[in-house]
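Heads up: the protein sequence lines correspond to chains A and B, in order.
Just so you know, we're using my numbering here: the first sequence kicks off at 5 and counts up by one.
Just so you know, we're using my numbering here: the second sequence kicks off at 1447 and counts up by one.
Note that these hints are calculated values from the structure, not bench results.
The beta-carbon is built from N, C-alpha and C at its ideal position, and this holds for glycine as well.
Certain hints may be false.
So the derived label-pair ranges between C-beta atoms look like this [stated by the list, open to error]: (1) ALA1657/B with ASN129/A: 25 to 35 angstroms; (2) ASN129/A with PHE1643/B: 38 to 48 angstroms; (3) GLN1595/B with LEU155/A: 26 to 36 angstroms; (4) ASP2064/B with THR9/A: 43 to 53 angstroms.
Straight-line C-alpha distance at most 20 angstroms; calculated SDA-like pairs for lysine to any residue [stated by the list, open to error]: (5) LYS2163/B with SER2060/B; (6) LYS1724/B with LEU33/A; (7) LYS95/A with LYS1724/B; (8) LYS2062/B with GLY133/A; (9) LYS1701/B with GLN16/A.
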Amino acid sequence: MIKLTINGKAHQLDVAPDTPLLWALRDTLQLTGTKYGCGQALCGACTVHVDGTPVRACSTPVSAVAGRKVTTIEAIDSQRVGKVVQEAWRKLDVVQCGYCQSGQIMSAVALLSHNRKPTDADIDNAMSGNLCRCATYVRVRAAIHEAAKALA
Amino acid sequence: MSDITIENLSRRRFLQGGAGLTLGFCLPVMAAAAAGKSGVVAPTASFEPNAFLRIGSDNSVTVFSKHLEMGQGTYTGLATILADELDAHWNHVRVEGAAADAKRFNNTFWGPAQGTGGSTAMANSWVQMRQAGATGRAMLVSAAAKRWQVSAAEIVVREGIVSHTGSARKASFGELALDAAQEAVPTAVKLKDPKDFRLIGKQARRKDSAAKTNGTAQFTQDVFLPGMLVAVVAHPPQFGATVKSFDATRAKAIKGVVDVVQIPQGVAVLATDTWSAKKGRDALAVSWDDSKAFKLGTDEIFARYKEMAKKPGLIARQTGDSAKAFAGAAKVVSASFDFPYLAHAAMEPMNCVVSLHADGCEVWNGEQFQTVDQGRVAALFGLKPEQVKLNMLYAGGSFGRRACTQSDYVLEAAHIVKAINGKAPVKLVWLREDDMRAGFYRPLFHHALEAALDGAGKLVGWRHRLVGQSIVTGSPFEAMLVKDGIDHVSVEGAANLPYVIPNMLVDLHTPTDIGVPVLWWRSVGSSHTAYSTEVFLDQVALAMGKDPVALRLEMLGGHPRHAGVLRLAAEKANWGKPLKAAAGERRGRGVAVHESFNSFVAQVAEVTVKKDGSIKVDRVVCAVDCGTAINPDNIRSQVEGAVGFALSAALHGEITLKEGRVEQGNFDTYAPIRIAEMPVVEVHIVPSTLAPTGIGEPGVPPLAPAVANAIAAATGKFLHRMPFNTSELVA
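Can you make the complete structure from the sequences, with help from the hints?
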């Protein structure tokens, strides 16, 4: 049994300790907003927050986050920054296929949580781990600036 | 919403013959009354299970999309067309994926087949969706006229409200739905004058933004059914290899693994969850029979193609007498081009859920080829096609991959269910490496081009030879797209080159002994033909001493839409105005124009080349003519995305084989661009009242040649292979 807090709720997971957090979230808890894209921390579709820091859930064994606080896309609107980022994403119609966007948003929220006025270079750094095959990057960048404006 | 639970039972359908138009009004109030406690309403003679439109008594307007939403904005586009003619309130409109039904929901450009592709979703649905909306509106107006005892001519409809001009009477769509359902379906409806459009051409927001930003959008990967097993499959390491034998002892010892079965595609491990299935798959010991496997490497394939290119192929286009033009040429320019295999690499790896039950089969999929997949799954299980229910979910990208001519991954899932005798629903999950190595790539191509200039320096001859596998031969589309041995999609963009050149010859070799499965990849033939033709044309322009834009415009007589986008892009990009370069950097501007899927796109790229040869595409100015712009913002979005997609192929994209084994597996070795590589993109749309044409694909073809031409402008070096070999650009 592995104990951890997910989206503010205590959970005990009966999974093999090497199970990646991604599959525990998706298959055990059916929190499916966090996506599988590569399994090797190369694409960022699985990005969640662990104690506020973005991590790639596909490459994080669930045992490594025992006792810690995990936040997923499903609860990101409970934070002001999360809500503002989602609103900016909708205002600019960033999404296309949408599959990578949970991860994009989680990375963007992490960026804006500690940097309220990111430059383009800051955005490149913070978002470089998040692939988008539809290449919505123009709008990802614009939406982060838009959210920064709303948070100012 | 109470009507959700009874809609399938209560939906009354009104079928208008001839045009194949159907629409229906949901009648929850009446249905509930008539149904009594059982909740079951006997279908009437006119009952039909599918339609494009449903209006609920709660004012909800549901549009049924016959096409897949894979990111290209189809759900929003189809809803925009229908809702405009209906004069619905945009906020009341929602979209649902339609059922599979080749009769009702066929792609009107494809005959009796349902599917999404070729950038046809808006084009083939334009009139159909307008009629569906206008018919609904007419029935609401008739119902209101009857209720208020006034003339229909005195009634106006706006944003979901029907009102009488001579009095204060008004009613919402929901209040009229029940009465409207009693009205006769009009045999003819008047469509709006385009000047009266309220949504088309405006800023209708995407309908899928909310669900795709809070984690609730349902993709195939997100389907969970009671008792469902997850399957991960050991696939052969080479195309054409098969299972010789396997030992599942270690796999079966893993907690969560339920079953291991052999299928034609390999060995499937079934488990209660994905991670256990993956561990089980990795623990399998499989011995492969490679006696029929394809064992060449891509270097050997290119060598073969270059040999083939020395001999004439089947003629795809012949104008004038090219032999004579070349014999009398004062100067001949020549170049050859190499294009690799490319994986689609959608963010959601291919997957499919299949459940077999007593009466048939149900499939959950980002369903792009309903009629083809339905027929194949039905045949496998010995069912009738209509016994295979397809649930079309959002697709996490496709770029052509989910429109597989051989239904590969859908059949793989079905085979697994068959192997376990249907005892549980199965979700087939391809891991990234499975997806990357599964084939169905954009075909590898070799092109050879020659241009003849006469004594006056005029371009008088053009020869273009292509060598590459056919996508369509052996597929259900062969009869439609292969004529006299020439696969149309191998030569599209080359055989219909718009430039007026007096003597032209385009010919094609189609090797048939290459065992690598190939498929359409966003923009299909144009993904390579636009590159070879537009880069070669810049080489010719240089040889002629002509400006690339001026030369193109000189030769585009009779092609005003090509010329229109070319002029617009050049003007917006300040063509001809020198670019400033920092010390040690070289900068250049390049142009390309291309028609694909009846849409016209020109792009001007601005590129910086550093001393080490590395490239940064700074800005791309795009001009687009796709007829009526249904959702201008979506057109911009699609073209922005197309620029990034095409740039990935230009800079990095390459699937290579060694002894038949695919050398790439994940995003480290097959690398789409990341945010820092994304240029600034400007999109300008040519105003038009012509019928809409595609926009999902046409932004792709001009990008790579525009960038290559910019690199040549900066460095003097024309690049003849994709992805670009930047070591050629070291200063």
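Quiz item: Is the hinted pair LYS1724/B and LEU33/A satisfied, with a Cα-Cα distance of at most 20 angstroms?
Solution: Since the Cα atoms of LYS1724/B and LEU33/A sit roughly 19 angstroms apart, the hinted pair holds (cutoff 20 angstroms).
Quiz prompt | Assessment of proposed distance window 25 to 35 angstroms (beta carbons of ALA1657/B, ASN129/A) | solution = holds (29 angstroms)
Quiz item: Do the Cβ positions of ASP2064/B and THR9/A conform to the proposed distance bound of 43 to 53 angstroms?
Solution: holds (45 angstroms)
Self-check item: Given pair status - GLN16/A, LYS1701/B, alpha carbons within 20 angstroms
Solution: holds (18 angstroms)
Quiz item: Does LYS2163/B pair with SER2060/B here, judged by a C-alpha cut-off of 20 angstroms?
Solution: Holds: LYS2163/B and SER2060/B sit about 14 angstroms apart, inside 20 angstroms.
Quiz item: LYS95/A and LYS1724/B: Cα distance at most 20 angstroms?
Solution: violated (39 angstroms)
Self-check item: Supplied distance hint 38 to 48 angstroms, evaluated on CB atoms of ASN129/A and PHE1643/B
Solution: holds (44 angstroms)
Exercise. Starting from LYS2062/B, check that the Cα of GLY133/A is at most 20 angstroms away, please.
Key: holds (19 angstroms)
Practice problem: Indicate whether the distance between the beta carbons of GLN1595/B and LEU155/A respects the range 26 to 36 angstroms. | Solution: violated (57 angstroms)
When the structure is compared with the earlier hints, violations turn up for hints 3 and 7 and for no others.
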